[in-house]
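Q: Single-letter residue listing:
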Amino acid sequence: MNVSWLSNSCRRWRRDIALLASGALAEEEHSQVKAHLADCARCRRYRDELSRLAVSLESLSQSSRDVEPSPALGARWMRAVRAAPQSNRSSRAVGAVLAGVRALLRHPVWAGIAAVWLAILFFQVTSPAVGESPITGPMPAPREIYLAWCDPDWPRTGVADEAANPSGRESKPLRPKPRSEHRPGLGAA
Amino acid sequence: MVIAADRIDACESSLLLTQARAGDAEAFCEVAQAHETRLFRQAVALCRDEAVAEDLVAETLINAWRSLARFDATCRFSTWLYAILLHRYLKWVRRMASRPASLAQFPVAEVQRRQQAQETLPDLGDSPADIAASQDTTDVLRQAIARLPDKHQRVLLLRFFEDASLPEIAAALGCSVGTVKSRLHHALEKLRRMKLNLSELRGDT
Chain A
40 MNVSWLSNSC RRWRRDIALL ASGALAEEEH SQVKAHLADC ARCRRYRDEL
90 SRLAVSLESL SQSSRDVEPS PALGARWMRA VRAAPQSNRS SRAVGAVLAG
140 VRALLRHPVW AGIAAVWLAI LFFQVTSPAV GESPITGPMP APREIYLAWC
190 DPDWPRTGVA DEAANPSGRE SKPLRPKPRS EHRPGLGAA
Chain B
7 MVIAADRIDA CESSLLLTQA RAGDAEAFCE VAQAHETRLF RQAVALCRDE
57 AVAEDLVAET LINAWRSLAR FDATCRFSTW LYAILLHRYL KWVRRMASRP
107 ASLAQFPVAE VQRRQQAQET LPDLGDSPAD IAASQDTTDV LRQAIARLPD
157 KHQRVLLLRF FEDASLPEIA AALGCSVGTV KSRLHHALEK LRRMKLNLSE
207 LRGDT
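Chains as they are written, first to last, in our numbering: chain A, 40 to 228; chain B, 7 to 211.
If you are wondering where the hints come from, they were derived from the structure by calculation, not from laboratory data. Do not take every clue at face value.
Here are the simulated BS3-like pairs of lysine-lysine, each with C-alpha atoms no more than 27 Å apart in a straight line [to be verified]:
| no. | chain 1 | residue 1 | chain 2 | residue 2 |
| --- | --- | --- | --- | --- |
| 1 | B | K97 | B | K157 |
| 2 | A | K73 | B | K201 |
| 3 | B | K157 | B | K196 |
| 4 | B | K157 | B | K201 |
| 5 | B | K196 | A | K73 |
| 6 | B | K196 | B | K97 |
Bound conformation, chain A alone:
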């Protein structure tokens, strides 16, 4: 019996019928539900199925009524209770936060989002801040950057290079050397 094709009048009673079968329905609501059950054979079958299920569950709860714990059990937890103080408010708060983090990381999607966020945080911490950039002043236009790159004396002509090298000594160009400079023989020829 699929709930999806039930009529709306039956569907609205299903929860109360389940509560009635499990003995959890309030007394004042019994009469309304029983009035509907008197008119609806399908809901009566539903009630009977759930009632049998409820009896089975109660029987299952009684399945271990004859077992007894070992005498050592009491001594075991009492020793731990006497040794452990009650937790205070701050430790409970820390425990709640840790439990929340553990519950969050148990789901793979949230764990992935947390990993990406930590990676971004790591790169932000390890990369230099904007204020520590060696380039001071306004950012040059892209064309100026290209022309500076084509200039063989670059970056010695830059302002930033002078600031970074106050001693005036010439620094080596960052561009790769021509092949002829790597081969003295060819350069001489």
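Add chain B to chain A, keeping to what the hints say.
A: The following block gives chain B in isolation, referenced to the frame of chain A:
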């Protein structure tokens, strides 16, 4: 499952819990001792392994002592303890599910208990085949409950194993009574749709 209810009620009516909440470990031991056997039987009904059940009960009572300040008496102390037991039990189930299956996890104690039951219970008139069928049906229902979502398991077990009322379940789980009603309905509906063969557990045997 009503076990030594008069003893538990006497303990609850006393001031022992108040003293325990003030930090008196001996008062807590006295209150908790009255619930130990009941908790143990409930734990065995859940996990059907007495050694694991003892671990769960010990963890439950130690956990209850550490977080006793959170018990606000909106539900019975036994219901609050059972909610903690359920939390430990579901945690144990998740831990066992994440481990690879091994022979060490095979419930040897349960098999021994069944063999003893088959040797001793024929006095009641049941044949060994009937007893075995009943045990298998118990396992079927237990496994069906284990397939439910945790939130549905908690409500269902608190209602049928602890006999807690809807407001008590709501107080123990920290949700509204309407949510408890809805979860109880969905839990029973899901079990019904599993089409379990429960003829041995309906009290007909």
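Q: Each hint needs a verdict: does it hold in this structure or not?
A: Tested hints:
Restraint check: the Cα-Cα separation between K97/B and K157/B comes to about 13 Å, which is no more than 27 Å; the hinted pair holds. About 25 Å separates the Cα atoms of K73/A and K201/B, which keeps this hinted pair within 27 Å; it holds. For the hint linking K157/B to K196/B, the alpha-carbon distance of about 13 Å falls within 27 Å, and the restraint holds. Straight-line distance between C-alpha atoms of K157/B and K201/B comes to about 21 Å, which keeps the hinted pair within the 27 Å bound.
As the CA atoms of K196/B and K73/A are separated by approximately 23 Å, the hinted pair is consistent with the 27 Å bound. Simply put, K196/B and K97/B have alpha-carbon atoms about 22 Å apart, close enough for the 27 Å limit, and the pair holds.
Hint compliance for this structure: no hint is broken.
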